[in-house]
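Peer 1: Please put together the full structure from these sequences, using the hints given.
Residue numbers for the sequence shown follow my numbering, so the first one is 1 and each next one is one higher.
Treat the hints as calculated values from the structure; they're not laboratory data.
Be a bit skeptical, because a hint or two may be false.
Claimed, not checked - With a straight-line Cα cutoff of 27 Å, these simulated DSS-like cross-link-like pairs (lysine-lysine) come out:
{"id": "1", "residue 1": "K412", "residue 2": "K524"}
{"id": "2", "residue 1": "K378", "residue 2": "K412"}
{"id": "3", "residue 1": "K524", "residue 2": "K498"}
All values reported here derive from a predicted model rather than from experimental measurement.
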Amino acid sequence: MAGVMQEIIFGLAGGLGLFLLGFALMGIGFQNIAGGKIYRFMEKTNHPLVAMGTGFLMTLILQKTGAATVLLIGLLGSRLIHLQQGICVMLGINLGATLLVHLTSFQIGSYAYLAVGLGFLLYAFGKRHHIQYLGFTTLGFGLVFIGLNTLTAAMQPVLDHWLLPATLTQIRLTPLYGYLLGFLTTALLQNNIAAIGILQAFLRQGALGGQENLLLSLPEVLPFLLGTGLGIGVMATVTALKSNLLAKRAVWAHWLIMGTTTMGLLLFRTPVARVASWATLQLWSLFATGNNLAFSSFPVSSVTTGARLLTKEVAMAHTLFNLVMVLIWLPLTGPVARFLGERVTGFWRPQEEDSTEQEYLNERFYLMPGLALRGAAKEIMRTAQIAIDMLYFARIAFFKGQSSAIKDIAKKEEIVDEKRRQITIYLSTLLSKNILTAPQSRYLAGLIHVINDVERIADHAEHIGEFAEAKVEEKLPFSQVAMDEIGLLYDKVLDICKKALIALEEDDPLLARQVLEREIAIDKLQEEMRQNHINRLNQGRCWPGSGIIYLELLASLERVADHAANIAEVTLVGKEELI
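Peer 2: Quick look at the structure:
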């Protein structure tokens with residue numbers, strides 16, 4: 001008995017490990033080839049179909065619905081997408097899982113080992129990154145099927161176990177039992193594809209061992225399949241516990257949509273099974289005919305009845321289940337988002353507004369480096385806006401002598417320093433994972449320079465606030481001509497700071513070049529103002545103490561313009577190539 005249990009446990013653990021490792025390697029390959037472009041594609045439109053398509057691609061690229069769901073919660077938690085968009089992405093994630101389930105219904109025999117060998121050769125000897133990433137994908141593809149074969153072999157002792165007939169009888173008599181079994185299996189594995197893979201291996205072993213009479217029919221398997229869909233909500237819930245209210249509303253949406261859909265289909269499982277069986281026969285008969293005509297060497301078995309067909313019917317039923325869910329809920333994403341926005345407010349209290357909160361920095365984005373870089377860029381934009389606000393406060397303090405503005409500058413300077421530290425650590429951690437392409441690494445270095453420039457702008461704003469404080473306390477006089485000159489320079493500096501940030505955020509090289517041109521003009525204007533000041537001193541029209549403040553203020557504004565030019569130069573690196 002102990003030997004049988006050991007055989008079952010070792011076989012399931014090893015097979016499941018290879019199965020999941022295969023999907024993980026495929027995900028690494030796909031992520032490095034195309035993963036960074038997902039959010040860039042998403043942010044250009046809020047159309048529900050495009051958002052759903054993005055979710056579909058997320059599943060294919062990450063090769064895991066669980067990882068895609070965690071990433072979605074991260075997007076919502078960082079407020080990079082809104083709730084309706086998130087619901088559409090969630091529907092796309094579930095729809096994308098159908099392709100992975102269909103993949104598990106194939107049988108490629110010993111070709112799986114060929115895929116592993118070919119993948120290793122591409123990875124080990126490929127000179128270009130894309131060839132190496134293709135090697136990862138091919139290697140992972142082979143491991144998926146080797147894992148399935150191992151799981152299938154491990155199911156033989158399970159089929160011979162004396163408890164199996166009683167368990168199958170219970171599932172036949174009580175569909176809710178199978179539903180809960182699918183839910184718990186997925187919740188435990190945190191992966192519904194893995195749960196369905198175990199089911200496929202069980203059915204395949206029954207066919208190989210000639211024990212098809214023991215197995216369940218499709219209407220009896222459907223409850224387990226529906227339960228796996230609901231089970232992925234456990235990971236989403238755990239992930240959202242420490243996130244913001246928007247992410248928690250998305251979790252409510254997942255339970256609402258998935259729960260009502262699966263329970264409804266559970267009641268109509270017999271007609272759903274009939275449709276799935278008919279569609280499977282049509283599709284696989286067509287596929288087998290085409291294969292025999294064009295690719296007769298590819299090892300695809302002809303479609304028969306029994307357990308061999310049941311594995312394909314399971315994949316088709318999973319597809320129909322998700323298509324039905326999309327057709328019902330995609331038109332209702334707007335009303336659902338509004339309903340949850342109104343109702344989900346008191347149970348989970350919104351997070352307190354914290355000026356030092358890392359709104360866009362999310363460790364879950366490390367799965368997709370391009371998205372992590374975009375989040376870091378947005379957090380830098382947020383920090384830069386605080387620095388520009390400091391410049392505005394400093395201007396008010398200098399021209400109007402408001403002491404409250406000086407106090408606000410000091411508080412904001414501490415916030416900017418803390419944000420620079422957080423962003424630098426985040427980017428350094430991302431770099432240390434060694435998953436960036438060469439262009440992404442260059443862009444990351446540019447972002448580190450940008451946040452340092454932003455922090456220096458904040459420092460100069462603080463210095464200007466100190467000049468304003470000295471002007472008030474020492475009652476230093478400034479002529480109207482001097483004040484007008486300072487106002488003119490100040491406005492030009494503020495203007496190029498805003499334009500530099502807009503250029504970085506919108507990938508606008510033309511605007512970045514304008515910033516560089518205007519920075520040169522500011523340098524010339526500052527030199528003219530210095531000469532004017534010297535002339536006033538020679539004419540005895542300027543108080544020496546005021547003159548020191550005047551020159552220091554000009555120097556600070558000129559340095560702020562230099563930092564704005566540095567930010568514009570990062571834009572000219574070519575951000576559009578990097579993400």
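Peer 1: Does each hint fit the structure? Answer for all of them.
Peer 2: Results for each hint:
| no. | hint | result |
| --- | --- | --- |
| 1 | K412 - K524 | violated, 31 Å |
| 2 | K378 - K412 | holds, 18 Å |
| 3 | K524 - K498 | holds, 20 Å |
The structure does not agree with numbered hint 1 stated previously, though it agrees with all others.
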